[in-house]
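There are 2 protein chains.
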Amino acid sequence: MRIADPLQDSCAGAATRDCRHGLATNGCEDCKVRLFSVCAALEVPELEELDRISQAREVPARTTLFEQSTLAGSVFNVTDGVVRLYKSLPDGRRQIVGFALPGDFLGLALQDRYGVTAEAVTAVAVCRFARPAFLAYVDDKPHLLRRLHEFAGHELSLAQEQMLLLGRRTAEEKIAAFLLNMQARYARIGTVSVTVPLPMSRQDIADYLGLTIETVSRTLTRLAREKVVLIVPDGVRLLDLERLKLAGAS
Amino acid sequence: MRIADPLQDSCAGAATRDCRHGLATNGCEDCKVRLFSVCAALEVPELEELDRISQAREVPARTTLFEQSTLAGSVFNVTDGVVRLYKSLPDGRRQIVGFALPGDFLGLALQDRYGVTAEAVTAVAVCRFARPAFLAYVDDKPHLLRRLHEFAGHELSLAQEQMLLLGRRTAEEKIAAFLLNMQARYARIGTVSVTVPLPMSRQDIADYLGLTIETVSRTLTRLAREKVVLIVPDGVRLLDLERLKLAGAS
DNA sequence: CGGGCTCTTGAATGGTTTCAATGGGAGTGG
DNA sequence: CCACTCCCATTGAAACCATTCAAGAGCCCG
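Chains as they are written, first to last, in the numbering used here: chain A, 1 to 250; chain B, 1001 to 1250.
Source of the hints: derived by calculation from the structure; they are not laboratory data. Using N, Cα and C, we set each Cβ at its ideal position, and we do this for glycine too.
From the structure, some residues in chain A lie toward chain B, with a derived Cβ separation under 10 Å:
(1) R94
(2) V97
(3) G98
(4) L108
(5) V116
(6) H149
(7) A152
(8) E155
(9) S157
(10) M163
(11) E173
(12) D207
Derived coverage of chain A by chain B (criterion: at least 3 residues anywhere in the stretch with Cβ under 8 Å from a Cβ of chain B; other residues may be distant):
(13) 140-148
(14) 165-171
Here are some chain B residues the structure puts well away from chain A; computed CB gaps all over 10 Å:
(15) L1047
(16) S1074
(17) A1171
(18) S1193
(19) P1199
(20) T1219
(21) E1226
(22) K1227
Could you put the whole structure together from the sequences, leaning on the hints where they help?
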């Protein structure tokens, strides 16, 4: 994982996109995630227009991108790193509703307030758009709106799958499904491997699966003892996919 | 709640919209739910066009509208009654991901397979559209796509709220939030009342909240004993909104 | 009136949580 | 370079909330 550029603040403040250190190089056309992100719906001339309203930005781990219930001033495309999206209860209980990986779009719903809080889990690179500018940009591009809608539909499906997991699966099934799901997501963005990176903490995993940190730890330990997985630094190697799928399949 | 017209099958089979018994009267313009459904984005001439590709349909309770994983041949607008949307695990465990009320749109994601199963809880009236026809209809109407996207964004927010509920709330909080939520939803479609209709079974409520039927029953009984609610046939009267909000607030 | 269904209630079990202590790396400062 | 601290993860034991198992009550409908 790339370390955040210490100059990121000078970049964040810039009104234009002349901000080409680090991951953002020559604008949208060269973007690493273009082909599997929302932007794949756009032609080159449109990309150049998008370039003009975008700001590449890099932030270190644990940076808050935006907060639940605040006015949605920006939307983001994640280009590197992992972001956690969560909702909180007044007493501090937290539910992570998703982890955003490179290619994921934050603020898909285009609503005027953020429904969740977004925090960088690792160092993160994003493409940032002022919401009014982005809305204006979308306005005369039905094919982009279509693409955004497709993404939203996909998100909705994932959310429903997660409801099934949260409401009806056991701790072991939750962990198994989570690992398989993360593996599949990394595969889609080009990192096919039986070793699944888990940059988030055990507490994050617990808050994503509706468990406690102790249950996550115990369950992973048990799966490791049974040679279903091998726990490695910042990740897990999946040893027995069949056994995992037995528990985690939908 | 209106009882399903026994002639509904003759209606369901009809290719055109000449099917005006029961709730569907003079087409979209007179539609009871038009103003708070997706269709509110449409002008009168567009509504007439929509009329031509729509089929009003009434089905009795427990009818399956569509099934999880099957090809999405139709999309629906619910005009009367209550529909449950759920996902199932191979061993029979079930998670209801939502109850659709009048004005709700089924198949919002416009994906080619249904992600959930939809079953009528009560007698239900829907406006049905063949998916290809609907897609063609949407194609040159960006404002409708925009409206669909808004609805999808709203759905996504609800789903995230439900994840918080499923993952982090206690049984009592789940019940309280459910009752307040149903009350608010009925209020939006015109039925403002402290008596909340609950046409679905206890098992449905349990499967929606990630509980067992016994826990739902016990919790409701306790709330009734504590004079927070009054259980009435097919519903609940909310007596102590403050107390409920204390438990159910986000 | 009886059958079948849903809902309620009680008692016991259990999976997960809570509480508590230990282990182990990363970073810091002496 | 090594103690020291801090934080995160692991592990153990006890407690608890929700579930499971079981029985009874209520209700609709033939």
